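In the numbering used here, the protein residues as written are 1 to 180.
These are calculated hints, taken from the structure and not from any lab test. None of these values were measured; they are calculated from a predicted model. Virtual Cβ for every residue (Gly too), placed ideally from N, Cα, C. Be aware that a few hints might be false.
[Said to hold, decoys possible] As a list, the in silico SDA-like pairs of lysine to any residue whose alpha-carbon atoms are at most 20 Å apart:
#1 13 with 38
#2 55 with 85
#3 61 with 48
#4 55 with 87
#5 11 with 45
#6 42 with 61
#7 13 with 40
#8 55 with 81
#9 55 with 4
#10 54 with 15
#11 61 with 89
#12 11 with 95
#13 68 with 79
#14 61 with 50
#15 37 with 19
#16 41 with 85
#17 13 with 34
#18 54 with 11
#19 54 with 32
#20 54 with 14
#21 54 with 66
#22 11 with 23
#23 61 with 37
#24 13 with 55
#25 55 with 93
#26 14 with 29
#27 41 with 95
#28 91 with 2
#29 14 with 40
#30 42 with 19
#31 32 with 66
#32 54 with 93
#33 41 with 25
#34 31 with 15
[As the list claims (entries may be wrong)] Label pairs and their in silico Cβ distance ranges:
#35 143 with 93: 54 to 64 Å
#36 57 with 100: 13 to 23 Å
#37 138 with 102: 47 to 57 Å
#38 133 with 102: 53 to 63 Å
#39 80 with 102: 26 to 36 Å
#40 152 with 172: 35 to 45 Å
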Amino acid sequence: MWLRVNNFVNKVKKWWASYVFQGTPSFILAKKLAALKLDLKKWNEVEFGNATFKKQDLWSKLNVLEAKEETLRLTAEEKLDQSNLRTDIEKLTLMEEISWRQKSRVLHLKEGDANTKFFHRMANSNRKNNGIESLMVNGTLSSDQGIIADYITHFFMNLYSEQQANRSFPDSLVFPMIFW
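Between the sequences and the hints, there should be enough to build the whole structure, so can you do that?
Here's what the structure looks like:
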């Protein structure tokens with residue numbers, strides 16, 4: 001919804017560049033994201049406010065003009081206002097629709113949601129499915145979890161360990177000494 005507002009991306013870039021924090025890169029990123037969140041909330045309130053009230057206000061203004069049009073002829077300026085009101089109502093309706101569509105996708109993520117139990121159950125079922133049920137061990141298909149765990153452990157231990165522990169240092173290399 002915000003991306004449809006003129007210069008929105010430039011506004012975000014300007015905000016992002018204005019934040020100055022000291023610390024590790026992850027700390028700076030977290031602080032910048034928190035600051036951006038606050039600026040976006042303020043901007044959203046100013047830019048969109050309560051869309052329902054704005055739309056009602058636009059409709060009432062449009063109704064006044066249409067009622068006047070039934071009895072009198074509208075001036076060119078009033079016709080332009082009428083056209084602008086219709087355009088604004090369409091834009092606001094589209095923005096509202098986009099907003100509700102976006103909210104419907106993330107409603108389940110909100111804390112205290114009525115569907116929390118459902119989503120926890122889904123996450124746990126996905127975690128249960130995230131495993132190795134059977135594996136080819138020494139040419140035989142095994143489904144014994146103990147054998148599978150041992151085989152995987154030994155595989156990675158062999159992969160990340162050195163076969164030759166004794167490394168000889170070539171005597172032919174000469175390094176100059178550094179004096180202080």
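Hints, verified against the model:
Between residue 13 and residue 38 the alpha-carbon distance is near 15 Å, which keeps this suggested pair within the 20 Å criterion. Proposed proximity of residue 55 and residue 85 is supported: the alpha carbons are some 10 Å apart, at most 20 Å. Proximity of residue 61 to residue 48 is assessed by CA-CA distance (about 18 Å); at most 20 Å being required, the pair is judged to hold. Using a Cα cut-off of 20 Å, the hinted pair residue 55 and residue 87 holds, with the two alpha carbons roughly 11 Å apart.
For the hint pairing residue 11 with residue 45, the CA-to-CA distance comes to about 15 Å; that is within 20 Å, so the pair holds. At roughly 27 Å between alpha-carbon atoms, residue 42 and residue 61 are farther apart than 20 Å, so this suggested pair is violated. Taking the CA atoms of residue 13 and residue 40, the gap is near 12 Å; set against the 20 Å cutoff, the hint holds. With a C-alpha separation of about 15 Å, the suggested pairing of residue 55 with residue 81 holds against the 20 Å cut-off.
Simply put, residue 55 and residue 4 have alpha-carbon atoms about 18 Å apart, close enough for the 20 Å limit, and the pair holds. Note on residue 54 and residue 15: the hinted pairing is violated, with a Cα-Cα distance of about 27 Å set against a maximum of 20 Å. Proximity of residue 61 to residue 89 is assessed by CA-CA distance (about 11 Å); at most 20 Å being required, the pair is judged to hold. About 19 Å separates the Cα atoms of residue 11 and residue 95, which keeps this hinted pair within 20 Å; it holds.
Proposed proximity of residue 68 and residue 79 is supported: the alpha carbons are some 11 Å apart, at most 20 Å. The straight-line distance between the Cα atoms of residue 61 and residue 50 is roughly 17 Å, inside the 20 Å bound, and the hint therefore holds. Of the pairs offered as hints, the one joining residue 37 and residue 19 holds, with about 12 Å between alpha carbons and a cut-off of 20 Å not exceeded. Restraint check for residue 41 and residue 85: not satisfied, since their Cα atoms lie roughly 26 Å apart, outside the 20 Å limit.
The suggested pairing of residue 13 with residue 34 holds, with an alpha-carbon distance near 15 Å, which does not exceed 20 Å. Between residue 54 and residue 11 the alpha-carbon distance is near 23 Å, which puts this suggested pair outside the 20 Å criterion. For the hint linking residue 54 to residue 32, the alpha-carbon distance of about 32 Å lies beyond 20 Å, and the restraint is violated. Simply put, residue 54 and residue 14 have alpha-carbon atoms about 28 Å apart, too far for the 20 Å limit, and the pair is violated.
With a CA separation close to 18 Å, the supplied pair residue 54 and residue 66 stays within the 20 Å bound. Between residue 11 and residue 23 the CA atoms are separated by roughly 25 Å; this puts the pair beyond 20 Å, and the hint is violated. Proposed proximity of residue 61 and residue 37 is contradicted: the alpha carbons are some 34 Å apart, above 20 Å. About 30 Å separates the Cα atoms of residue 13 and residue 55, which puts this hinted pair outside 20 Å; it is violated.
Pair hint residue 55 plus residue 93 holds up; C-alpha atoms about 8 Å apart against a cutoff of 20 Å. As the CA atoms of residue 14 and residue 29 are separated by approximately 16 Å, the hinted pair is consistent with the 20 Å bound. Between the alpha carbons of residue 41 and residue 95 the distance comes to roughly 16 Å, so the proposed pair stays at or under 20 Å and holds. Between residue 91 and residue 2 the alpha-carbon distance is near 12 Å, which keeps this suggested pair within the 20 Å criterion.
For the suggested pair residue 14 and residue 40, the alpha carbons sit about 12 Å apart, so the restraint of at most 20 Å is met. Between residue 42 and residue 19 the alpha-carbon distance is near 16 Å, which keeps this suggested pair within the 20 Å criterion. For the proposed pair residue 32 and residue 66, the alpha carbon gap of about 49 Å is over 20 Å, so the pair is violated. Distance restraint check for residue 54 and residue 93: the Cα-Cα separation of roughly 10 Å lies within the 20 Å cut-off, and the hinted pair is therefore satisfied.
The suggested pairing of residue 41 with residue 25 is violated, with an alpha-carbon distance near 24 Å, which exceeds 20 Å. The straight-line distance between the Cα atoms of residue 31 and residue 15 is roughly 13 Å, inside the 20 Å bound, and the hint therefore holds. Remark: the range hint 54 to 64 Å for residue 143 to residue 93 is upheld by a beta-carbon distance near 57 Å. Between residue 57 and residue 100 the C-beta distance comes to about 20 Å, which sits within the given range of 13 to 23 Å.
Under the hint 47 to 57 Å, the C-beta atoms of residue 138 and residue 102, about 53 Å apart, fit the expected range. The beta-carbon spacing between residue 133 and residue 102, approximately 38 Å, falls outside the hinted interval of 53 to 63 Å. At roughly 33 Å, the beta carbons of residue 80 and residue 102 sit within the given window of 26 to 36 Å. Under the hint 35 to 45 Å, the C-beta atoms of residue 152 and residue 172, about 43 Å apart, fit the expected range.
Checked against the numbered hints given earlier, this structure breaks hints 6, 10, 16, 18, 19, 20, 22, 23, 24, 31, 33 and 38; the rest are met.
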